[in-house]
Amino acid sequence: MTVFQPGGIILGKRYRDVHTGMEGVATGKFIYLYGCVRINIEFLNDGKLENEVFDEQRLEPVDAEEVVQPRATSGGPRNDPARPAVPRR
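Each residue of the sequence shown is one higher than the last, beginning at 1 in UniProt numbering.
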């Protein structure tokens with residue numbers, strides 16, 4: 001059984017593959033049965049969004065500003081509906 005270790009890859013932050021030099025944002029984490037941890041990295045290539053999957057040990061953090069998550073413009077909690085004006089029988 002694989003135990004999650006804090007301090008590993010944080011989704012939404014930028015990382016660079018030490019072997020290929022590719023860098024992008026971590027968007028997914030895959031934990032396999034025998035302990036292999038792979039990270040999905042999304043990056044722009046000629047204006048197109050592409051992704052690759054790398055071993056966790058091959059990635060190093062990129063010192064850049066943090067990726068800002070968009071704020072929700074709708075949804076969330078709402079008030080309870082008003083009581084009906086006509087009493088029930």
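Because the hints were derived from the structure by calculation, they are not lab data.
Here the structure is a predicted model, which is why all the values come from computation and not from measurement.
Do not rely on the hints blindly, as some may be mistaken.
Calculated cross-link-like contacts (lysine to aspartate or glutamate; reagent style DMTMM-like; alpha-carbon spacing at most 20 Å) [as the list claims (entries may be wrong)]: (1) Lys29 to Glu56; (2) Lys13 to Glu42; (3) Lys29 to Glu50; (4) Lys13 to Asp63; (5) Lys29 to Asp17; (6) Lys29 to Glu60; (7) Lys13 to Asp55; (8) Lys29 to Glu42; (9) Lys29 to Asp46; (10) Lys13 to Glu50; (11) Lys29 to Asp55; (12) Lys13 to Glu60; (13) Lys48 to Glu23; (14) Lys13 to Glu23; (15) Lys13 to Glu56; (16) Lys13 to Glu52.
Can the restraint linking Lys29 and Asp46 be considered satisfied, given a maximum Cα separation of 20 Å? The hint is violated at about 25 Å.
For a C-alpha distance cap of 20 Å, please report whether Lys29 and Asp55 respect it. Holds. Lys29 to Asp55 sits at ~10 Å (cutoff 20 Å).
Compare the distance between the alpha carbons of Lys29 and Asp17 with 20 Å, and conclude whether the hinted pair is satisfied. Roughly 15 Å separates the two Cα atoms, so the pair holds.
Need the status of pair Lys13, Asp55: alpha-carbon distance at most 20 Å? With a Cα-Cα distance of about 16 Å, the restraint between Lys13 and Asp55 holds, given a limit of 20 Å.
Tell me if the straight-line CA distance from Lys29 to Glu56 falls inside 20 Å. holds (9 Å)
Would the hint linking Lys13 and Glu23 be met if the CA-CA limit is 20 Å? holds (11 Å)
Verify the proposed pairing of Lys13 with Glu52, using a straight-line Cα cut of 20 Å. Holds: Lys13 and Glu52 sit about 15 Å apart, inside 20 Å.
Lys13 paired with Glu56 [C-alpha distance capped at 20 Å]: holds (14 Å)
Do the alpha carbons of Lys48 and Glu23 lie within 20 Å of each other, as the hint requires? Roughly 14 Å separates the two Cα atoms, so the pair holds.
Quick one, are Lys13 and Glu42 close enough, alpha carbons at most 20 Å? This hinted pair holds, its Cα atoms lying about 11 Å apart.
Mind checking the alpha carbons of Lys29 and Glu50 for me, to see if they're no more than 20 Å apart? holds (16 Å)
Within 20 Å, alpha carbon to alpha carbon, are Lys13 and Glu50? Roughly 16 Å separates the two Cα atoms, so the pair holds.
Hint violations for this structure: number 9 only, all remaining hints satisfied.
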